[in-house]
Amino acid sequence: MGSGLQQSPAIPAAEAATTPAPPTAASAAGESRARVRSWWSWILSDDPPGRLLLNAIMLLIFAAFLFAPFLFPGTKALGVASRICIFVILVASYDLMLGYTGIVSFAHTMFFGIGAYGVAILLASGWTGWGAVILGAAAGAAVSLVLAAAIGLLSLRLRTIFFSMITLAVASFAQIVAEQWRSLTGGEDGLTFSVPAILKPGFRLFAEPVLGVTVNGRVITYYLTFAVSLVLFLFMVRIVNSPFGRVLQAIRENEFRVEAMGYRVVAYRTMVSALSAAMAAFAGALMALVLGYNGPDATLSFSLMIDILLMIVIGGMGTMYGAIVGAILVVLAEYYLQNVLGAINGAVAGAPLLSALFHPDRWLLWLGILFVLIVTFFPQGLFGWLRHRR
Amino acid sequence: MSKQWLDRLRRAAPYAVTPLLVVAALPAIGPAPWVTLTVAGLTMGMMLFLVASGLTLIFGLMEVLNFAHAAFVTLGAYVTISVLRPLAGWTAQPSLVLNLAALLIALAAAAAASGTLGFVFERVIIRQVYGAPLRQILITIGALTVIEQLVIVLWGAEAIPLPKPASLRGSVFLGTSSIETYRLFALFVGLAVAVAMHLVLTRTRIGLVVRAGVEDREMVQALGYRIRRVFVGVFVAGTALAGMGGMMWGQYQTLVTSQIGDGMIILVFIILIIGGLGSVGGCFIGAILVGLTSNYVGFLAPKLALGSNILLMALILLWRPRGLFPIAEH
Amino acid sequence: MIEDVPALSTRDLTIHFGGQVAVNGVTCAFRQGTLTAIVGPNGAGKTTYFNLISGQLRPSDGSVQLFGEDITRLGAPQRARLGVGRAFQLTNLFPNLTVLENVRLAVQSVARIRFDFLSVAGRNAQLRDEAHYWLDRVKLSSRAGLPAAALAHGDQRKLEVAILLALKPRVFMFDEPTAGMSLDEVPTILDLIDEIKLQGDKTVLLVEHRMDVIKRLSDRIVVLQDGAMIADGPPAEVVASPAVQQAYLGMQRVAETTARGRP
Amino acid sequence: MTNGDQALLRLDGVHTDIGRYQILYGVDLLVRRGQVTMLLGRNGAGKTTTLRTIMGLWKPRQGGIAFDGRSIGGMDTPEIARLGIAYVPENMGIFGKLTVRENMLLATGGQGFVEEQLDRVLAFFPALKLKWDSPAGSLSGGQKQMLAVGRAIIEPRRLLLVDEPTKGLSPAMVDQLVAALLGLKSEHTTILLVEQNFRVALAMGDDVAVMDQGRIVHSGSMAALGADERLQQHLLGLSMAAGT
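Line by line, the protein sequences are chains A, B, C and D.
Taking the numbering used here, the leading residue of the first sequence gets 17, the next gets one more, and so forth.
Taking the numbering used here, the leading residue of the second sequence gets 853, the next gets one more, and so forth.
Taking the numbering used here, the leading residue of the third sequence gets 12, the next gets one more, and so forth.
Taking the numbering used here, the leading residue of the fourth sequence gets 492, the next gets one more, and so forth.
One chain only, chain A, in its complex shape:
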């Protein structure tokens, strides 16, 4: 029986086109695997990435990030790795809403920004201890939670499109507030601050290099980011596989029926958007620590929202693990596609239009085209496709 149930149900092409989210953890596959009660299965909430190959790939990715400072030495590589970790949280928390519940919000960067400003404002006030970091992150998460709940209670009973438009307006308002309220946020210039001592680049944990790498404040910052991201990610995998998470998926499928079962849909939608906002705020707090700076462009801009959408769609929504795949691909593209484009640009330097198309700054154009193609032809995203391929 087990292996028969392992096959995920084939989705007819036409249907796949209208429901981008595939049958997720609530499939029989998770059920039969649950009988293997190993500790790692508990950690993964009985929802491993997939079968052998996919599990191996994800394990490899995990190992690469675990040893990143030693495998990919250098400030830039470490920055890229931190950014990926942070975006995994940001995108996975967005997936709670988009992929699992069917809510489209454009206010996700607002909560990211609130978390970042929480830490930045306290640290910039001159209080540089860990207390400031923890209090800032907690305050950012709390504000995000309350704000998301307020927006949710006001407008989550409306239709998908209406809600997404309202969040777009609210997010732009947040950006305006951040730019105008100079005394608190530093306006468009943002806030530069110094982080706790052991996170500073000059700090050395060991006198001697370990495996040829100096374990300085940057490496410690990375490991802090990695550890927090890992815990939050596993927490979110737990959320989607919990009884609460099952109700979310049911809402995505048929909200009318969920109501008749005694679940209050608005309460669930509000709850998930509040949880999601708090996760985004934690990601923002990490971002502030990594950058040692925060401003509207770093954590609030609409182009970040586009990044999140790119990541979730490319990775695959409604899968959680898609966030990892999407964040890796898009962040790498942001950093390294420019080099590729630069090379092509050099090769076609003679043709003015072509060279403009391949200008290093046009990486977003190519990712945008990829995005449209994926929404059109691969609505399950890369990870979803790998998971459900026969």
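One should not assume that every hint holds.
Claimed, not checked - Straight-line distance between alpha carbons at most 25 Å, and here's what the computed SDA-like set of lysine to any residue pairs gives: (1) C:Lys-226 with D:Gly-717; (2) B:Lys-855 with C:Gly-73; (3) A:Lys-216 with A:Ala-314.
Since the hints were derived computationally from the structure, they do not count as laboratory data.
Using the hints, position chains B, C and D against chain A.
Just chains B, C and D now, kept in the frame of chain A:
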């Protein structure tokens, strides 16, 4: 019987919001600036209406909310630059006739360019996502990114100045209130389009089909109308209007960047939410309301100007969760 | 055990859609432990009446009481929690979730597990076993792992019934539970309804067209026509009433026979 | 009886899915020229889906639909309508914000009215004349149904598909509507009529087809079904008197 009166009052209330705002602003602002600001608000409302009306009409008929609408605004603004550049001789002279001729040519070109792109856009992007709201939002956001990047490829990433034609630069005086000349032009164009749109919708056969389609698409088809073609027509018209809005807005701002549409589209969304998604009349009233609020608040409390429309939206949503003039659900 | 207060009652329940009255001043009480069949021609307002009771629609006028308590202002979820259970006429499932998951969501609701986001749903043996139990009852255990959309139409109706059973309501509302089922599947469902009735403390409302089913199961028949109640009584009596015969069969629908049902 | 010449509309083994659910499981149906064919059956049997499939509003997954010998199974709704098929849906499909006149005008292809056609429709439904310039949303349920039927016959049509026109109407309205439909029948209009009211079915129908579980389970003459109470009870479960 008092229930009937309450009902009547409830139905009339949304119409009263704008007049009340205008009247309430008079004592707060004082007569001379009030005239200036009211005209400025109406003008801004008209330019916003150009953009918003296309979006709301497309939504009303096909239940498609095109998040890429901003890109058509941006395109209109950039096409204006390219058209007015060779016509610099016309715009530099203080001849009203030559100036207006140049602007009207630019307006037509912006509409044509955005409408043409709209035609392609409907075929390539929109056609696959009818009836799938989630994919619609995603794919149009993706397309927005692509078009904006392509605009940068064609016109460069730098902001480009777009000076107003010579004779539309100054102000005219109405008593003691000064009114920018360009605003009168924008007001006139906006009103002309609004009137034309009203006439097309109420007096023509195609207008009849569109109004019927907003109510019940299937029945329109069952009566033998090829609604797909009507969709394409309305989409092209809607995007052409966005192009015209972009031309007017760019000329008004006198500086064009690749984000010019994005800035405007937030206001346009607020208008749609206030007016009721899909309602052209609601869109008209919403646009004027947003234009007036921005100008009045901008005068009274400049710091609040940008946020005032969000507050307006929040207030109206608390009062009417589906906007002032919601259309029936399909 | 059985109280004097009716399990469910409606008073002057009315709803307008536009200019039309879909349900028109229906006053009716359903005693605990009884099964009432609600019959009437299509468009008589039976499903709308159900929607008003289970909270999918809000009435324009009138009220609904559950064990004497006014529930008119409550939404569908609150009513479901208070014990108003509804099976739908058109298949109304979670198509991409498994059959087991469909039922488990109902079990979970009854177990008052609402905002638990820290445990793994699949590891809760109690939820799983109970969901399997209800699937057994409708003979769907062998399909537990399939997505609901992959079921044949008759099986989907069975799943709908399993969900309703799992919700353990005090008032069961079945809207044509056997429609679209093949004849050999019908007895399973009818036996289940019979069993609910035999428990003695449950109240069942049943919309049905098949007279053999109605005769076998019901204690009482209520006839709706044009949104109004035109007859109410024991099956034999109602069936014999010429007014009902005429109305129901539409043989001689002349104004005077239906006059008492309308204003 | 199944002379090919006589068949205006023919369905062969039509399967239709709605979303992920299959509703029709091989519908075979014949509508004879100049006759009124009744389509009866329980709720959820697939009657409305059959009409919608003929009209092209749902696409058949399998099976053939031929109108006047021409396959229309894959055609779009507007093309099917232009062949001369009019559809009155269950919800009547009235445009509530448009006036009665505009509703009618739409049905002429916006070409304007032919005087005698309009007179004919208004003779059937004089109430419409009084509400001519009012929004159709302000009409009563019965008047809306009259508008829906009137709209379907304002132009000469070859086939009318009508879905439960008497649903929710008062007896007086039903009588008026039936009189109008009988008028059409006397003009030898071909009609496929879904109806729950058995009296109406008996009065109107030449032929009858009974559906159950997405298939046609009986077809024959309406008069024969009307005379056979056991068959009625077996097929429709309608008879209150019959029992076990």
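Okay, the hints, checked on the actual structure:
no. : hint                     : result
1   : C:Lys-226 with D:Gly-717 : holds (24 Å)
2   : B:Lys-855 with C:Gly-73  : holds (17 Å)
3   : A:Lys-216 with A:Ala-314 : holds (20 Å)
Figure legend: structure checked against the earlier numbered hints; every hint is met.
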